[in-house]
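Using the hints, put the two standalone chains together into the complex.
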Amino acid sequence: MIWINAPRGDPAQTDPMTPTRQSALAPWPPHSGPDAVFVGFPDPARFSPELGESQFRSAARHSNEDPMPRLLSLHLRVPFDGNTADCPVAPGADRGRSHASFYRLARECELVAPLFDRDRDVVQLQLDGLAGKAASDGLGELLHAVSRHFFLSHASTREFLIVLPDGVYGARELAGLVDLGFNRVRFRALPAAADRDATAVLERSLAAAREAGMRSAALDLVCGPPGSDADFEAGLQQLLALRADRIRLCCPGGPASLATAVPLADRAWRHADAVSALLAAGYEALGLDVFVLPQDDLARARQSGLLHHNALGYVPQAQTDLVGLGVGARSRIGDACFENCPDLTAWESSIDMGELPVWRGLQLDADERLRCDLLQALLCAGSIDLVQMQEQHGIVFAEYFRDELDTLKPLREAGLLHYNLENLQLGPQGRLALQAICAPFAVVRRRP
Amino acid sequence: MNPFRTKPNPITDDGDGLTFCSSCAFAGVCHSEGYDKSALQELHCLVQHVGPYPAGTLLFREGDPFNAIAAVRSGMVKTFRIDASGRKQVLGFFLLGEIIGLDAIHDARFPCNAVALDTVSLCRFSFPMMATLATRMPGLQTQLFRLLSQDINKAAAMAGDFSADERMAAFVLSISRRFASRGFSPNRFALSMSRTDIGNYLRLAAETVSRVVRRFQDEGLLLVDRREFEILDMARLRCLALPLLRE
Numbered sequence: 007m008i009w010i011n012a013p014r015g016d017p018a019q020t021d022p023m024t025p026t027r028q029s030a031l032a033p034w035p036p037h038s039g040p041d042a043v044f045v046g047f048p049d050p051a052r053f054s055p056e057l058g059e060s061q062f063r064s065a066a067r068h069s070n071e072d073p074m075p076r077l078l079s080l081h082l083r084v085p086f087d088g089n090t091a092d093c094p095v096a097p098g099a100d101r102g103r104s105h106a107s108f109y110r111l112a113r114e115c116e117l118v119a120p121l122f123d124r125d126r127d128v129v130q131l132q133l134d135g136l137a138g139k140a141a142s143d144g145l146g147e148l149l150h151a152v153s154r155h156f157f158l159s160h161a162s163t164r165e166f167l168i169v170l171p172d173g174v175y176g177a178r179e180l181a182g183l184v185d186l187g188f189n190r191v192r193f194r195a196l197p198a199a200a201d202r203d204a205t206a207v208l209e210r211s212l213a214a215a216r217e218a219g220m221r222s223a224a225l226d227l228v229c230g231p232p233g234s235d236a237d238f239e240a241g242l243q244q245l246l247a248l249r250a251d252r253i254r255l256c257c258p259g260g261p262a263s264l265a266t267a268v269p270l271a272d273r274a275w276r277h278a279d280a281v282s283a284l285l286a287a288g289y290e291a292l293g294l295d296v297f298v299l300p301q302d303d304l305a306r307a308r309q310s311g312l313l314h315h316n317a318l319g320y321v322p323q324a325q326t327d328l329v330g331l332g333v334g335a336r337s338r339i340g341d342a343c344f345e346n347c348p349d350l351t352a353w354e355s356s357i358d359m360g361e362l363p364v365w366r367g368l369q370l371d372a373d374e375r376l377r378c379d380l381l382q383a384l385l386c387a388g389s390i391d392l393v394q395m396q397e398q399h400g401i402v403f404a405e406y407f408r409d410e411l412d413t414l415k416p417l418r419e420a421g422l423l424h425y426n427l428e429n430l431q432l433g434p435q436g437r438l439a440l441q442a443i444c445a446p447f448a449v450v451r452r453r454p
Numbered sequence: 025m026n027p028f029r030t031k032p033n034p035i036t037d038d039g040d041g042l043t044f045c046s047s048c049a050f051a052g053v054c055h056s057e058g059y060d061k062s063a064l065q066e067l068h069c070l071v072q073h074v075g076p077y078p079a080g081t082l083l084f085r086e087g088d089p090f091n092a093i094a095a096v097r098s099g100m101v102k103t104f105r106i107d108a109s110g111r112k113q114v115l116g117f118f119l120l121g122e123i124i125g126l127d128a129i130h131d132a133r134f135p136c137n138a139v140a141l142d143t144v145s146l147c148r149f150s151f152p153m154m155a156t157l158a159t160r161m162p163g164l165q166t167q168l169f170r171l172l173s174q175d176i177n178k179a180a181a182m183a184g185d186f187s188a189d190e191r192m193a194a195f196v197l198s199i200s201r202r203f204a205s206r207g208f209s210p211n212r213f214a215l216s217m218s219r220t221d222i223g224n225y226l227r228l229a230a231e232t233v234s235r236v237v238r239r240f241q242d243e244g245l246l247l248v249d250r251r252e253f254e255i256l257d258m259a260r261l262r263c264l265a266l267p268l269l270r271e
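Protein chains in written order, with the numbering used here: chain A, 7 to 454; chain B, 25 to 271.
Excised from the complex, chain B in its bound form (with noise of 0.2 Å):
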């Protein structure tokens, strides 16, 4: 049963031997660095494209060795932890163009499980043979700091005595800004996630979660049918979100 009244989630061009797909995360590195082609045939031996895997499908538990990172490709993805009292905590959302496992670096296992959202295909680069590449080319070097730094980030951005407006606003607009930075439009999209899990990531009830939403419609910042968001006033929801978000 696919759940989502909505047009299909946007799903990137394929990449060939020279260029990669165009909401990849390493796209960049190559045309500002100017590496020649036998470069980039490395950079791409990297690369193998997998899935599609179905909404509910675990890609990987809690654990399990680590030996790649991997680009969503289209989709969504939650990554989550089971506490030892059995309580599931969301980690967070990755969405199109997004690296996933970055924090599995350290001890080589993963240390969260991950689950698909809707139908989600991925990119896997060998993180072994990315890191020695890594040595030789600086631009693909700065590139992977730059996304271990975003992460670092991602993750203190949540830590702090905010509001549930405050909270559900920088939710919003990251995602929001997210979408826009590959590309589709930061007005309209389609969240795949459950209020459950909005409302564990955000530290929130599921049902404030709604109450906040519809709030937020009632005040005309948002236009919400079910999974599908519309951001009315861009400004407001800045202005609601500046706590948690930067500019």
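With the rest of the complex left out, here is chain A (with noise of 0.2 Å):
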């Protein structure tokens, strides 16, 4: 996901405390807006390309040797021309060559697969990168070599999530993923209001997706598509009628027509006026923009604290070893972080030639480990034991993070979050704003 950063020199138009228009919707949510830039951590800008095949296996078979080794999360990215902000197109990927693509994410199953411990479930997988209708019975043919070559979770609370466009899936098609495993779908959908065909096209494909008995259908939803205000809350309140399970809000920061037609400060606007037209259609914000309806699997992780936040979003799970596959996939295995070639071509040689395609990585050291702690916990508990986490890392919170502390004053005195010596909690509106306040504890500052 691309944030929209805002400039900094201009508060006017990103402020929220000094509100420039008047909201038709409910008090705007102050620190929410899309201006607080968190892209997750670590930053994959700092992976080394020293860290490479050699590490990623040696990471593997640490992580078989923990006494009760994490289940497995499967991230399969299908280098198409899916061009969205979550999936940007793969240099050099043309239709022709996507066919292929699906064999060779076969092969690096193969390839990748038998440096698992085979009690080591997967739990969690998510497909993305499909455009148009993909070739059925590549799909197909790739599912099944995942689940031959790794152990697939039949538990319903599985996360094995498909990515789709939009409209172009029907109940059959979709009740045919089903079969193949996957129990939740996700689609994005821009609310304008001029484009009622579009809604429509999202309203049967949504009770498709329920047909086929998808356990939750989620939506991403763009805010501040080109149009007027009016149209665009009447878009947002016919998406809303749809119940989906999981709504996520986007910035537009993929298809670059969007992020420059609506100027930063409409847009702004728009993303608060979408967080209250949300929160008052009940849905419940588990932070990042993203919103669940409160019996959703996600909800519910969060009531029993089984939440947990990975490079894939939230999870409702306990922690699991993430693996990618596919042109430019990010695995995570223990403490080390890897990211595939981000070029299809050389994806493609390294395929070819049975070796992994792994590009870079990066060996998280005991600062990186501490502010992974730290925003896990900030993003999905929404409190963090100060007591334990000093005794576990050895430091004393209010020090370490003085300069994080700093900057996050202004939003202390809003009531965003609250911290003494004992713990640190998010305020009632913590979660609106866990952009703003993470953003500050995933910086790296090398310590003298």
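Please keep in mind that the hints were generated in silico from the structure rather than gathered at the bench. Accuracy of the hints is not assured; some may be wrong.
Claimed, not checked - So the derived list for chain A, only partly shown, Cβ under 8 Å to chain B, looks like this:
(1) 71
(2) 72
(3) 73
(4) 120
(5) 121
(6) 125
(7) 340
Claimed, not checked - DEER-style ranges, computed between Cβ atoms:
(8) 146/A to 229/B: 30 to 36 Å
(9) 310/A to 89/B: 55 to 61 Å
(10) 396/A to 78/B: 24 to 30 Å
Quantities reported herein were computed from a predicted structural model and do not represent experimental measurements. Glycine included, each C-beta is placed from N, C-alpha and C at the ideal position.
The structure is reproduced here in structure tokens:
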């Protein structure tokens, strides 16, 4: 996800405390706007090509030897021309090569799967990058290959998500995907009232997903398409009436035309309107602009404290090791992070030579491990037991994070988070501002 | 690559001319018996701090001549034997303050291999000199006998017809007690050994180790995150381990 970074020099545009326009909906939750930048941790820009295939292998081996090895998450990135913010088009991809990439992904599975012990079930699987109607037999063969090489969980709480373009797949195709093991689906939508047809298509897609037996259907809502405000709000209400189980708000970052078509201030207003409308419609905020219905597995996992966050987003399960397959996919095994070749040709030739297409990686040090733990606690539990964290990492919280806490002072004064010597907790509206709260902690500073 | 996502393993403070490292197996000998300084000096002459050795270092091999016993100052050590058909058998794990090499005394050769599981520092005691000194220091002799007796008991504990749950509970409990006896937390600790080693030591399949640990966690006995253990219900764990470990 690419977030629009607001120009810092112009507070009138981004400071939510000085509204420039009256919202038709509820009051604006402070610091929830798209100005805060938190893209996840650790930042892949710090990965080094010194960590490659052999480190990947040893990280996998070491993770197998834990007394209770973590279960697995699998990310399959189909290098199609699905040009979304999540999945930018891989350089060199074209439809002619797409079918072959299913076979190469299956081959990558075959190379990677033996590195992990066979009692490590896959409890989360995400397949994205599909555009248009993917050759469904190719998809089927890929999934069969995955299930032959990895042990896929059958539990109903498994998170086997397929990201689809809306309107392309009908109930029959979706039922086929359910047979392949998928139990969750995500579509992408633009809230634009002018386009009633699009909403109707989306409605059909969601209905088809439910009929096919998907356990949850999710939407990515893009805030800030061109069009008038009235259109936007009407479109939003129509989309909310579809009652998708999970909704994620995205600021347009992918298609460049959208990002420039609407001025930043309007996008910020629309984001705020969308948040207010979602809350009014009964959605719960998980953080990072993810909203779920109260009966969804994610909302329940949050209640029971099982919620976790990884590079793929929120998961209602205990922490897993993430294995990424495909062009530019990321893995996280224990304290080691890896990224595959981002270039289609390089990825293809690695696979064809029987090598793991690992491009670069990072071994977390003590500081990064601490930040990971902290961000995990913030994003999921919404509170941090500072006593335990200090004992576990051998730090004094207030001293170690003095600069970060300074940065967060305005947010603390706004009541978005509270902390004392024993714990740090999000305020009632803190989850809406998690982007802003997490951002300072995600910056690694080299200490003397 | 440091494989441990935990605070550094406990390391003991260094001793000086008059005091031993606080975790040392021999630390208690002199305090209780009231030896004079010259005797202490003599005992200290036997001591040689060696290491640190990185994880995976072979500390000694089967058949190496035995001339010193070693106490673990930091880290964990595993001893194992390879049998005639090439199978590996894990004999034991040595935590901080424990003595390696007591089983080598009788024929002056090490009967097994020892490998460092993480970064290990040792404290070597020349055994012939210690034996001579023991004839003059009854306290030292008693301590040596006590250590030998412990070593024999440890080896005997796992032999027997016990269930996987009982073995696993006894293993966790014994580690907890051993940490506690050196003054560290009995409830939270990190284990450096792999599940294959734990399984081999307990005569269980590696996957059984994980299954039992996961069940213990589901039942609220333990909380395990990778290699960190937290004991949540000591009483029930003790109950489970009772057939192997007496109070």
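Now for the hints, and whether the structure bears them out:
1. Interface restraint check: residue 71/A against chain B, minimum CB-CB distance 3 Å, threshold 8 Å, status holds.
2. A least Cβ separation of about 5 Å between residue 72/A and chain B falls short of the 8 Å threshold, and the interface hint therefore holds.
3. For residue 73/A, the shortest C-beta to C-beta distance to chain B is roughly 5 Å, which falls under 8 Å, so the interface hint holds.
4. For the restraint placing residue 120/A at the interface with chain B, the shortest Cβ-Cβ distance is roughly 16 Å, beyond the 8 Å limit, so the hint is violated.
5. At about 15 Å, the closest approach between the beta carbon of residue 121/A and any beta carbon in chain B exceeds 8 Å, and the interface hint on this residue is violated.
6. Interface hint status for residue 125/A: upheld, as the beta-carbon distance to the closest one in chain B is roughly 5 Å, under 8 Å.
7. The beta carbon of residue 340/A comes within 7 Å of a beta carbon in chain B, closer than 8 Å, and the hint placing it at the interface holds.
8. Separation of residue 146/A from residue 229/B is about 34 Å and conforms to the stated range, judged on CB atoms against 30 to 36 Å.
9. Checking the proposed 55 to 61 Å range against residue 310/A and residue 89/B shows it holds: the Cβ atoms sit about 59 Å from each other.
10. The supplied range of 24 to 30 Å is met by residue 396/A and residue 78/B, whose beta-carbon atoms lie about 29 Å from each other.
Hints 4, 5 from the earlier list are contradicted by this structure; the remaining hints agree with it.
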